[in-house]
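Peer 1: From first to last, the protein sequence lines are chains A and B. All residue numbers for the first sequence refer to UniProt numbering, where the first residue is 1 and numbers rise by one. All residue numbers for the second sequence refer to UniProt numbering, where the first residue is 1 and numbers rise by one.
Hint data in this document are derived by calculation from the structure and do not stem from the laboratory. Take the hints with a grain of salt, since some may be wrong.
Estimated spans, in silico, between C-beta atoms of each pair [as the list claims (entries may be wrong)]: (1) B/P493 - A/G96: 38 to 44 Å; (2) B/A385 - A/G276: 54 to 60 Å; (3) B/A267 - A/P40: 39 to 45 Å.
Owing to the predicted nature of the structure, the values given are computational and were not obtained by experimental measurement. All C-beta atoms, glycine included, are put in the ideal place defined by N, C-alpha and C.
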Amino acid sequence: MRPFEYARASDVTEAGKLAGRFIAGGTNLLDLMKLEVETPDKLVDITRLPLRDIETTDDGGLRIGALVTNSDLAADPRIRKDYELLSRALLAGASGQLRNKATTGGNLLQRTRCGYFYETSQPCNKREPGSGCAAIGGFNRIHAILGASKNCIATHPSDMAVAMRALGAVVETQKADGSTREIAVDDFYRLPGDTPQIESELQEGELITAVRLPKPIAGVHRYRKVRDRASYAFALVSVAAIVRTDGGKIAEARLAFGGLAHMPWRDEAVEKALIGEAPSMALFDKAADILLAEARGQGENDFKIPLARRTLKAVLADATKGA
Amino acid sequence: MNKHVMDEAIGETRLDRNTQGVIGKGVDRYEGKLKVSGKAPYAYEHLIGEKVAYGYVVTAPIGRAKVKSIDAMAAQSLAGVLTVVSGDEVLHSSAQPLSPAVPAMKGEILHYNQPVALVVAESFEIARQAAKLVKVEYEAKEGHYEIESRRGTGRATEEGPMPADTKRGDFEKAFAAAEVQFDQTYRTPSYQAAAMEPHASVAKWDGDQLTIWSSCQLLDLNVQQIANGIGVDPSKVRLLSPYIGGGFGSKLGIGPDAVLAALGAKAVGRPVKLALTRQNVFQATSRRGETIQRVRIGTTKDGKITCFGHESETANAEGEGFFEPSGISTVFLYPGEDRLVTHRVITTDVLTASACRAPGEATGMLATESALDELAERFGMDPVAFRKMNEPEKDPQEDLPFSSRRLLDCIDEGARRFNWADRPSKPAARREGEWLIGYGMSSASRANSLMASSAEIEMSPEGRAIVKTSMTDIGTGTYTILQQIAAEMLGLPLDHVDVLLGDTSLPESSGSGGSWGANSAGSSVYVAAEALIEEFAKRLGVEAETLTLKDGHAISGNRQIPFAEILNGDTIKVQGKIEPGDTSSNTNQASYGAHFAEVAVNATTGETRVRRLLTVGTAGRILNMKTATSQCYGGQIWGIGYALEEELVVDPRSGLIVNHDLAEYHVPVHADVPKLDVVLLEDRDPHASPLAGKGIGELAIAGVGAAINNAIYNATGARIRSYPITMDKLLSHLPDEVGEAA
Chain A
1 MRPFEYARAS
11 DVTEAGKLAG
21 RFIAGGTNLL
31 DLMKLEVETP
41 DKLVDITRLP
51 LRDIETTDDG
61 GLRIGALVTN
71 SDLAADPRIR
81 KDYELLSRAL
91 LAGASGQLRN
101 KATTGGNLLQ
111 RTRCGYFYET
121 SQPCNKREPG
131 SGCAAIGGFN
141 RIHAILGASK
151 NCIATHPSDM
161 AVAMRALGAV
171 VETQKADGST
181 REIAVDDFYR
191 LPGDTPQIES
201 ELQEGELITA
211 VRLPKPIAGV
221 HRYRKVRDRA
231 SYAFALVSVA
241 AIVRTDGGKI
251 AEARLAFGGL
261 AHMPWRDEAV
271 EKALIGEAPS
281 MALFDKAADI
291 LLAEARGQGE
301 NDFKIPLARR
311 TLKAVLADAT
321 KGA
Chain B
1 MNKHVMDEAI
11 GETRLDRNTQ
21 GVIGKGVDRY
31 EGKLKVSGKA
41 PYAYEHLIGE
51 KVAYGYVVTA
61 PIGRAKVKSI
71 DAMAAQSLAG
81 VLTVVSGDEV
91 LHSSAQPLSP
101 AVPAMKGEIL
111 HYNQPVALVV
121 AESFEIARQA
131 AKLVKVEYEA
141 KEGHYEIESR
151 RGTGRATEEG
161 PMPADTKRGD
171 FEKAFAAAEV
181 QFDQTYRTPS
191 YQAAAMEPHA
201 SVAKWDGDQL
211 TIWSSCQLLD
221 LNVQQIANGI
231 GVDPSKVRLL
241 SPYIGGGFGS
251 KLGIGPDAVL
261 AALGAKAVGR
271 PVKLALTRQN
281 VFQATSRRGE
291 TIQRVRIGTT
301 KDGKITCFGH
311 ESETANAEGE
321 GFFEPSGIST
331 VFLYPGEDRL
341 VTHRVITTDV
351 LTASACRAPG
361 EATGMLATES
371 ALDELAERFG
381 MDPVAFRKMN
391 EPEKDPQEDL
401 PFSSRRLLDC
411 IDEGARRFNW
421 ADRPSKPAAR
431 REGEWLIGYG
441 MSSASRANSL
451 MASSAEIEMS
461 PEGRAIVKTS
471 MTDIGTGTYT
481 ILQQIAAEML
491 GLPLDHVDVL
501 LGDTSLPESS
511 GSGGSWGANS
521 AGSSVYVAAE
531 ALIEEFAKRL
541 GVEAETLTLK
551 DGHAISGNRQ
561 IPFAEILNGD
571 TIKVQGKIEP
581 GDTSSNTNQA
591 SYGAHFAEVA
601 VNATTGETRV
611 RRLLTVGTAG
621 RILNMKTATS
631 QCYGGQIWGI
641 GYALEEELVV
651 DPRSGLIVNH
661 DLAEYHVPVH
671 ADVPKLDVVL
681 LEDRDPHASP
691 LAGKGIGELA
701 IAGVGAAINN
711 AIYNATGARI
721 RSYPITMDKL
731 LSHLPDEVGE
741 AA
């Protein structure tokens, strides 16, 4: 770990002005700093900022402060009742101890678990742009089948973010200059392309202050995470689904996927194909065809393609049961 | 020194009479309160409050190379850095368990991220930062990092834990002539021992005397390795390992930390603390070699085994003679007049392969116990019935009698308790919602060994005893069982017996490894206690055999004399030593058991969950039912890992061990472990030791993974011969239709 300067922000405006990497729970950043995967010159501690509340918004949704911990968010009665999907996704992630430390803002910004990203002696375009990608042709069991590039095949590890994307959440931020903006989670993440080191639309010094949820979305909420052991493992495939049926037909479908790509994946064409149709395995297969039309395996992760199909179909079958 | 050589079976002993009533009882751990209250210091926690320096290992990010130069200027000039130690004597990995030799690097890089230097600094953080500033120039060499492309090129070595070849009759001829031939190949990956406590050492010099606290299993051998590594006489080194957070074989030989800490401490003139990081442990200690095992079994048309072949290929580094002894149980567990058990070592430029959690059984029985299940299936027989039909009456290799073998009792008892009769008789026949349900079983066996070991009992004038031996307790319960043995033998309440372990200044011991610790060290305490009783008898003018000892009193005839009265103000010290003898060569000794597993395989995803796991075992006398059962739980849990999760992945392009931390190297977590059941049957093995006990630690690992694999077959109809059985291997065998409704 390299020495770094430490500053503690006392209010949100000051946080931006202090110009450094923000740290809250530190459950990912500190590990990466120990390995020198991350080498920030300065850390700005934001844990004292008043961003720990979950409040109701005017349109009937919720505003979740960026510092609300994963444990608190998952246990919040409003989340459990009206955003079951989010609570389930949170509880599927990490471990109890990590969820106690990890925050809502930080969770969105987790970095990939690619083994070559973590090993500083190996080429990695995400860690060291232009150095190459050792995961291509290497051990890539956990890597992307959608949206990858020749420069990077990493996946985003968050479960929470997958649920947030299905929910259509909006990220509220404050830029370094003190101005604020909001970015839909749909637009928040980037595919690797030629710049895999840039993972989100956040600018330097821009602080996530809250994540806003829309008013509750009716329907069956499901979060299904498929992984190599029953707990404390990242998703190989995960499916976040909100499905509402009406009169034997699918009236609304919101689907997001984890473990498949550099970002929580959402494909509106998949949702459109389902809406207005009567649920059937043939229909679900068609949805999977659309989702996976461009899917490419890297060898060791080829199984994710049939696994994603099967998981999606099972989730849709479950969510439309009795429709 | 009072010595007992195990040349003949032991008769009735004071342990059988159980007068004090503490032997066998599931009493709490002797050191339990210290451990849970943080008062049992592990290696790194010594010298609190002393002015010490901290070490951090510099590693070589290249698979195979020669070191051209090391430039430590930048690191040295960082404020707080005291020195950078480098040179030929740096160990590139852990030492092997069987020899005092150490793996000095001698200018070579033999595997990716091997140690190449040590930074010593005022703080751990400074040392860590400086380690990245050490510039090492390498001359790259061609490396080779996998065994598949080199099959058939393996070496037969004489330095393994068993002979490379064990043969009887003419296997090839018998197999060719067999009415039924079974021939399958199984693969097991490389593993990391993954003990909770990383390899760590604290070294302190006092003139030319070195005291070192290190996390080690075999102190009397390890102290020689440390002395050899730093080039001093072993008499100048005292090694202490009072508490150890797991070893699992990876601490049978010293890690690179001990020698580096000693060299660093010498260089800076003050004690040095060095704990390997988790990444170091994965890449710079030792691992279990991957295996490719061909199992060939010939039978009659009725399923009676006539010949058995088990040929293993495994990996190790150049010059290394250790091999994963996958055939170790095959030699005596299965029948067959003509036999062939071989091991070949394919050279790879990957971290040294060495002992890891039941070397041999753990990997070999993943293959053979699956093979037996496949064979039973071929004959349409229940796997239990198939095993019963193929139970040898004597050691099939040497024709020796078994010292005690209650394998079939374990199988029967297990089948009854598990309700095995409820097993789906056809594969893929039972379904609960989205889950496919299956049952599987396997045998378990673990060869027993008794090692030379010695102990001292010191009795104070008040009649309190202290047991002293260099023996280690690696988390298994050694403190507790030695206390129990001394208390039972001497007729003392447990709280009148203290135990001192883990210090080479104490009588030389077997150390902990190969499940021999309790039997070997425990027998030395037995021998010392017998000698002490002799001394009591002499003082009382009676025959020792006539003395009954209970609650600190000697009872002879109608006299009941307090120990203090016999001792008459004296402190008595007696030493006892156990040595293996003729019973090791004229009987075949092993512990036996059976595992029963119920699994649920998700029909959509192929995720497997173990629902029930039962192990029934026999290992001679059980010294402490609680710690013995706990050992078996550990074995069962590792077995779940072998079946479903564990796999050390080496990148064949560079030699990098890719998943070198506990987030990506998967071992079972709580959620993977169902309620575990362990039943230990009453047993005595008078040939095994004066305690009539046998090794248990590794028994419960042997075969568990195969029982789970067999259950997966029963659930899905998919026979997977490459461990671990991850979902990608099962997906194509699952029903096409997904979800509950399918």
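Peer 1: Does each hint fit the structure? Answer for all of them.
Peer 2: Hints versus structure:
1. Between B/P493 and A/G96 the beta carbon distance is about 41 Å. The supplied range of 38 to 44 Å therefore holds.
2. For B/A385 paired with A/G276, a C-beta distance near 58 Å keeps the hint of 54 to 60 Å intact.
3. For the pair B/A267 and A/P40, the supplied restraint of 39 to 45 Å is violated, since their beta-carbon distance comes to about 33 Å.
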